[in-house]
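S.K.: Protein sequence lines, in the order shown, are assigned to chains A and B.
69 is the number that the numbering used here gives to position 69 of the first sequence; each next residue is one higher, with no gaps.
14 is the number that the numbering used here gives to position 14 of the second sequence; each next residue is one higher, with no gaps.
Treat the hints as calculated values from the structure; they're not laboratory data.
Honestly, I wouldn't trust all of these hints.
What the hints assert, rightly or not - The calculated label-pair distances, taken between Cβ atoms and stated as ranges, are: (1) A:Gly28 <-> B:Arg77: 32 to 38 Å; (2) B:Gly53 <-> A:Pro70: 22 to 28 Å; (3) A:Gly28 <-> B:Ser52: 38 to 44 Å; (4) A:Asn79 <-> B:Pro40: 38 to 44 Å; (5) B:Gln71 <-> A:Asn79: 41 to 47 Å; (6) B:Gly62 <-> A:Asn102: 24 to 30 Å; (7) A:Gln17 <-> B:Ser39: 44 to 50 Å; (8) B:Ser14 <-> A:Leu83: 37 to 43 Å; (9) B:Ala17 <-> A:Glu103: 28 to 34 Å; (10) A:Arg15 <-> B:Gly41: 34 to 40 Å; (11) A:Gly16 <-> B:Pro114: 45 to 51 Å; (12) B:Ser72 <-> A:Gly96: 25 to 31 Å; (13) A:Glu103 <-> B:Ser18: 39 to 45 Å.
Stated by the list, open to error - Just a few of them, taken from the derived set where beta-carbon distance is under 8 Å, the chain B residues facing chain A: (14) Leu46; (15) Gly62; (16) Phe90; (17) Gln101.
As the list claims (entries may be wrong) - Facing chain A, a subset of chain B residues (Cβ under 8 Å, in silico): (18) Gln42; (19) Gly43; (20) Phe51; (21) Gly53; (22) Leu102.
As the structure is a computational prediction, the values presented were derived from the model and not from experiment.
Cβ coordinates follow ideal geometry from the N, Cα and C atoms, glycine included.
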Amino acid sequence: ETGVTQSPTHLIKTRGQQVTLRCSSQSGHNTVSWYQQALGQGPQFIFQYYREEENGRGNFPPRFSGLQFPNYSSELNVNALELDDSALYLCASSLGAGGGENEQFFGPGTRLTVL
Amino acid sequence: AQSVTQPDIHITVSEGASLELRCNYSYGATPYLFWYVQSPGQGLQLLLKYFSGDTLVQGIKGFEAEFKRSQSSFNLRKPSVHWSDAAEYFCAVVALDSNYQLIWGAGTKLIIKP
């Protein structure tokens, strides 16, 4: 059984560019959540996908968007990058929606630097 | 709105000494509470969780936490720390008014002195 994987590991972009981050969920999991973790802070919930539908969104602008595919892998897309988007982006998968009783398993993250 | 406070940004403990990491939450009802650990280059790992029942919760790696409703606290403890416990620790609560998503504290970095 493989865990949650994310790609790429590191990424450097410039302001105004667009970026796509990828996440493969743990085998058997149908839910993926994305978090942004700025340096020295706890993760902030971006959104969650359950069975290919968005199932909750945090306080992030529409330029943060996502997809979940039939195999339950997921993408996070960020348009018009800003310097403040520099952060570690974490993906977590779970069997079932929400963040309560369904334990979330986290990937190692993608470190995005915006110059 | 729910919030989580971890008052200590850094804590330094000697190897073999006991540990207590503090966590306070703001929520009107009984929350779902979690402690996660994050080591460099690794994903967040769940140490333990509290939903209901016994207020003293046992987790992995010898950690435990106690839910105290009167103090709105969920402090993490370990009787004797090992150098491998050096990491960042996060307390989190489920936002029942926001589709059950996790609300996180800012974390406490644990430093182990040899």
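S.K.: Of all the hints numbered above, which does this structure not satisfy? Sort the numbers upward.
M.R.: 2, 3, 4, 7, 10, 13, 15 and 21
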